[in-house]
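*Asks:* Chain by chain, the residues:
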Amino acid sequence: MKLVTMRETAQTLLDQVPDDELDDIVRFLACRGISGTDISAKAIITRGGGKELTPQQWEAFIAEYGPHMLPPDGEG
Amino acid sequence: MADTGIRFPARFDPDAWETDLARSTPDGRTAAETAKVDYERSGVPAERLRPCDPEGRDGNRLENCLKVYVPHPAGKWGIVFMLLEIDSRLRLEFMGFGMRHHPKNAHAPNVYDLSGKRVAEITARDLREKK
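For the record, the sequence lines run as chains A and B. Read in order, the letters of the first sequence correspond to residues 1 to 76 in the numbering used here. Read in order, the letters of the second sequence correspond to residues 1001 to 1131 in the numbering used here.
The shape of chain A in the complex, shown without the other chains (with noise of 0.2 angstroms):
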């Protein structure tokens, strides 16, 4: 008997996913924690209380601290 486990379980289902379903199946397995909690961003800011600014916050918070910080430099 040929034993399997579930890593290769897992890629052969991935296998038969379509290309074009790829990203989400990505996208919500990158977001599971250790712990199978929502790691993902709207998860986290909600946990925290925040709220995400405007366009207009974040280009009025980069010509305030713009100048004090490093530049961004391509990498990411």
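Here are the simulated SDA-like pairs of lysine to any residue, each with C-alpha atoms no more than 20 angstroms apart in a straight line:
#  : chain 1 : residue 1 : chain 2 : residue 2
1  : A       : Lys-51    : B       : Gly-1043
2  : A       : Lys-42    : B       : Asp-1087
3  : B       : Lys-1104  : B       : Gly-1059
4  : A       : Lys-42    : B       : Ile-1086
5  : B       : Lys-1036  : A       : Gly-33
6  : A       : Lys-42    : B       : Pro-1014
7  : B       : Lys-1036  : A       : Gly-48
8  : A       : Lys-42    : B       : Glu-1018
9  : A       : Lys-42    : B       : Leu-1090
10 : A       : Lys-42    : B       : Asp-1113
11 : B       : Lys-1076  : B       : Lys-1104
Because the hints were derived from the structure by calculation, they are not lab data. All values derive from a computational prediction rather than experimental measurement.
We have chain A; now place chain B onto it with these hints.
*Replies:* Chain B alone, transformed into the frame defined by chain A:
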């Protein structure tokens, strides 16, 4: 860059933090914990922060995000934060910790990949709502 005295408070989501440290090396965990203790206690100095590229070279979208290198100033790990507003004040919210670069043939995600996947959910939702 000179110390301006400007510091931004930072919050580290325990679940995201533990998840990222679990996949790091012992050296990476030590560097990360040292940075976290400092930033939680005193905030992140403005002069250590860099805005992330809104659209990175690997296709990651990190809008409204800033990063620090760990250890400062040019360590091989990085922390990505998203800038948020809370009670009319600014705060940095932890989005990811990890290596800045992996060896060319490695398939492990770097800190930009990890953070980008988390932020992508927000971007996708926002795009849907704008339609």
